[in-house]
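Residue numbers (the working numbering), protein chains in the order written: chain C, 424 to 884; chain W, 11 to 37.
Since the hints were derived computationally from the structure, they do not count as laboratory data. Here a beta-carbon is modelled for each residue, glycine too, at the ideal position from N, C-alpha and C. One should not assume that every hint holds.
[Claimed, not checked] Label-pair restraints from in silico Cβ distances:
#, chain 1, residue 1, chain 2, residue 2, range
1, C, E660, W, K15, 44 to 54 Å
2, W, E21, C, L759, 15 to 25 Å
3, C, D717, W, K15, 13 to 23 Å
4, W, E21, C, E746, 30 to 40 Å
5, C, S760, W, E21, 14 to 24 Å
6, C, D744, W, K15, 14 to 24 Å
7, C, E812, W, K15, 49 to 59 Å
8, C, C764, W, K15, 20 to 30 Å
9, C, E731, W, E21, 37 to 47 Å
10, C, G478, W, K15, 30 to 40 Å
11, W, E21, C, K495, 27 to 37 Å
12, W, K15, C, N693, 29 to 39 Å
13, W, K15, C, S633, 50 to 60 Å
14, C, G548, W, E21, 14 to 24 Å
[Unchecked claim] Among the chain C residues that face chain W by a calculated CB cut under 8 Å, a handful are:
#, residue
15, S441
16, D448
17, A451
18, D453
19, L494
20, G498
21, T517
22, R573
23, K671
24, E720
25, P763
26, C764
27, Y766
28, K798
29, I875
30, N878
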Amino acid sequence: MIHQYKLGGYNVVLDVCSGAVHAVDDVAYDLISIYQTTEKDEAVRSVCLKYKDKGVTEKDVLSCYDEITYLKDDGQLFTEDKFEPIAGKLKQKTSGVIKALCLHVAHTCNLNCSYCFASQGKYHGDRAVMSFETGKRALDFLVENSGTRRNLEVDFFGGEPLLNFDVVKKLVAYARSIEKQKNKNFRFTLTTNGMLIDDDVIDFANKEMSNVVLSLDGRKEIHDRFRVDYAGRGSWEQIVPKFQKLVKARGGKNYYMRGTFTHANPDFLNDIKVMLDLGFTELSMEPVVCAHGDPSELTEEDMPIVKEQYEKLAELMLEKDREGKPFTFYHYMIDLSGGPCVYKRISGCGSGTEYMAVTPWGDLYPCHQFVGEEKFKLGNIYDGVSNTEIQSEFESCNVYAREECKNCWAKLYCSGGCAANAYHSTGSVKGVYKYGCELFKKRMECAIMVAIARNFAEENE
Amino acid sequence: MEHIKTVGCGECQTACKGIANQKCENK
Numbered sequence: 424m425i426h427q428y429k430l431g432g433y434n435v436v437l438d439v440c441s442g443a444v445h446a447v448d449d450v451a452y453d454l455i456s457i458y459q460t461t462e463k464d465e466a467v468r469s470v471c472l473k474y475k476d477k478g479v480t481e482k483d484v485l486s487c488y489d490e491i492t493y494l495k496d497d498g499q500l501f502t503e504d505k506f507e508p509i510a511g512k513l514k515q516k517t518s519g520v521i522k523a524l525c526l527h528v529a530h531t532c533n534l535n536c537s538y539c540f541a542s543q544g545k546y547h548g549d550r551a552v553m554s555f556e557t558g559k560r561a562l563d564f565l566v567e568n569s570g571t572r573r574n575l576e577v578d579f580f581g582g583e584p585l586l587n588f589d590v591v592k593k594l595v596a597y598a599r600s601i602e603k604q605k606n607k608n609f610r611f612t613l614t615t616n617g618m619l620i621d622d623d624v625i626d627f628a629n630k631e632m633s634n635v636v637l638s639l640d641g642r643k644e645i646h647d648r649f650r651v652d653y654a655g656r657g658s659w660e661q662i663v664p665k666f667q668k669l670v671k672a673r674g675g676k677n678y679y680m681r682g683t684f685t686h687a688n689p690d691f692l693n694d695i696k697v698m699l700d701l702g703f704t705e706l707s708m709e710p711v712v713c714a715h716g717d718p719s720e721l722t723e724e725d726m727p728i729v730k731e732q733y734e735k736l737a738e739l740m741l742e743k744d745r746e747g748k749p750f751t752f753y754h755y756m757i758d759l760s761g762g763p764c765v766y767k768r769i770s771g772c773g774s775g776t777e778y779m780a781v782t783p784w785g786d787l788y789p790c791h792q793f794v795g796e797e798k799f800k801l802g803n804i805y806d807g808v809s810n811t812e813i814q815s816e817f818e819s820c821n822v823y824a825r826e827e828c829k830n831c832w833a834k835l836y837c838s839g840g841c842a843a844n845a846y847h848s849t850g851s852v853k854g855v856y857k858y859g860c861e862l863f864k865k866r867m868e869c870a871i872m873v874a875i876a877r878n879f880a881e882e883n884e
Numbered sequence: 011m012e013h014i015k016t017v018g019c020g021e022c023q024t025a026c027k028g029i030a031n032q033k034c035e036n037k
């Protein structure tokens with residue numbers, strides 16, 4: 424299976440099942456598109472005819488045909504998909520092993536964002552904060568169930584986790600006190616709206632957090648439209664200086680500005696530019712996740728605008744590269760040479776199996792986006808997973824479990840997509856969130872084009 | 011004339027809250 428597209432002045436050919444990426448000229452682009460469906464003589468003749476006024480000779484086209492044949496024989500073009508039989512192997516092998524927890528240390532928030540997927544941090548339930556005892560048990564539960572995994576990940580999440588900062592600090596101290604003895608390496612992350620950032624938080628985060636995710640939507644008027652306090656006041660003016668101070672203290676690394684774009688700002692590139700102007704360079708801007716019919720929901724009319732924004736964002740990244748002012752966009756950080764192995768690519772994010780969310784009172788859910796949906800409760804941190812029926816559903820989630828994904832060129836980049844998005848849009852964790860798919864594919868096309876352009880730029884230096 | 015330029019252990023990490031931009035952390 425191959426995927427061909429033109430973007431940013433490049434003709435791109437992806438060989439889906441080998442992972443090979445080719446940049447080709449127009450002759451090769453056309454020849455590849457008919458290589459498998461047309462006899463050699465006819466293919467060469469039709470391409471010669473198309474390019475006869477451009478100085479392309481029959482010898483050129485024949486030589487190009489030979490290049491394609493060489494790549495095919497070498498397993499770099501038209502590679503067959505032989506992965507389906509191994510689709511469940513990684514999850515099977517690691518069944519029962521947990522390596523990552525999203526710790527909901529606060530089901531409460533000091534902001535009242537109308538688009539919040541977690542219903543202003545309460546997850547459709549009561550306000551609550553996690554006690555140290557519950558958090559400690561969650562960490563013990565993680566260690567006990569982590570098997571031979573060394574790298575363990577814990578994200579402090581909410582609501583607003585800094586509303587329970589003392590417990591966060593104590594939990595990190597506890598984890599550090601046991602990691603050597605247990606031969607584990609804890610990696611902590613923190614997702615915050617920034618309102619409570621002070622020098623104490625900055626010092627702590629820069630010492631203990633391997634990554635911090637900072638919520639900022641970009642332009643002040645866009646940010647303050649949704650991200651308001653309970654008196655209805657926007658938060659932009661308060662949080663931007665705090666974020667700038669934190670990022671500067673971190674040396675400008677290991678953070679992400681995490682924005683949300685909605686129907687109100689499908690032109691989100693303007694928000695990215697504002698973030699750059701504010702001095703932030705590690706950026707992530709995500710489409711809103713909300714209920715169907717919500718006023719902030721992205722519409723079909725927004726789709727072409729968003730796709731164009733992704734393309735312009737790729738151009739902006741390359742432009743900034745040339746200016747010597749590079750920046751990072753989370754979804755474009757595709758690593759062509761050191762990406763995940765094929766088993767990981769097939770099996771997906773691990774929600775409900777190796778990754779779970781823990782509520783303030785210790786219940787387990789497949790991930791943070793399922794918290795509050797009672798039927799998805801997996802069990803708790805005291806007795807472990809008891810709802811094996813739901814867990815089996817997540818265990819069997821992979822690229823090949825979805826008919827629509829089997830023949831999709833992007834399947835080994837998205838790994839079948841997000842189960843929560845699928846459930847909320849189709850009612851099944853094995854459904855396909857088509858709107859999200861469309862955006863994902865556009866992001867991948869842009870990301871791969873950026874990788875190609877950077878490869879060419881390096882060679883020309 | 012060149013027409014074409016050619017450009018599990020589970021230890022890898024589980025921003026946005028896609029697998030493509032993850033790194034292998036193991037060979």
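Going through the hints against the structure:
1. E660(C) / K15(W): 44 to 54 Å: With a Cβ separation near 49 Å, E660(C) and K15(W) satisfy 44 to 54 Å, so the hint holds.
2. E21(W) / L759(C): 15 to 25 Å: 20 Å, holds
3. D717(C) / K15(W): 13 to 23 Å: Between D717(C) and K15(W), where Cβ atoms are some 45 Å apart, the hint is violated.
4. E21(W) / E746(C): 30 to 40 Å: 37 Å, holds
5. S760(C) / E21(W): 14 to 24 Å: 18 Å, holds
6. D744(C) / K15(W): 14 to 24 Å: 19 Å, holds
7. E812(C) / K15(W): 49 to 59 Å: Distance hint for E812(C), K15(W) holds at roughly 50 Å.
8. C764(C) / K15(W): 20 to 30 Å: Holds, since C764(C) and K15(W) (Cβ atoms, about 25 Å apart) stay within the stated range.
9. E731(C) / E21(W): 37 to 47 Å: Holds - the Cβ-Cβ distance for E731(C) and E21(W), about 38 Å, lies within 37 to 47 Å.
10. G478(C) / K15(W): 30 to 40 Å: Given range 30 to 40 Å: violated, Cβ gap about 20 Å.
11. E21(W) / K495(C): 27 to 37 Å: 34 Å, holds
12. K15(W) / N693(C): 29 to 39 Å: Because 34 Å falls inside the window, the suggested range holds.
13. K15(W) / S633(C): 50 to 60 Å: 36 Å, violated
14. G548(C) / E21(W): 14 to 24 Å: Between G548(C) and E21(W), where Cβ atoms are some 34 Å apart, the hint is violated.
15. S441: 11 Å, violated
16. D448: Given a least distance of 5 Å, the restraint on D448(C) holds.
17. A451: For A451(C), the interface hint holds, since the closest Cβ of chain W sits about 4 Å away, which is under 8 Å.
18. D453: 10 Å, violated
19. L494: Holds - the Cβ of L494(C) comes within 8 Å of chain W, reaching about 7 Å at its closest.
20. G498: Violated, about 12 Å.
21. T517: Since chain W brings a Cβ to about 5 Å from T517(C), closer than 8 Å, the hint holds.
22. R573: 7 Å, holds
23. K671: 20 Å, violated
24. E720: Hint violated; E720(C) Cβ to chain W Cβ min 18 Å, cut 8 Å.
25. P763: Hint holds; P763(C) Cβ to chain W Cβ min 5 Å, cut 8 Å.
26. C764: Hint on C764(C): holds, closest Cβ of chain W at ~5 Å, below 8 Å.
27. Y766: 3 Å, holds
28. K798: The hint is violated - K798(C) has no Cβ within 8 Å of chain W, the shortest such distance being about 22 Å.
29. I875: 5 Å, holds
30. N878: 5 Å, holds
Violated hints, listed in ascending order, are 3, 10, 13, 14, 15, 18, 20, 23, 24, 28; each of the other numbered hints is respected by the structure.
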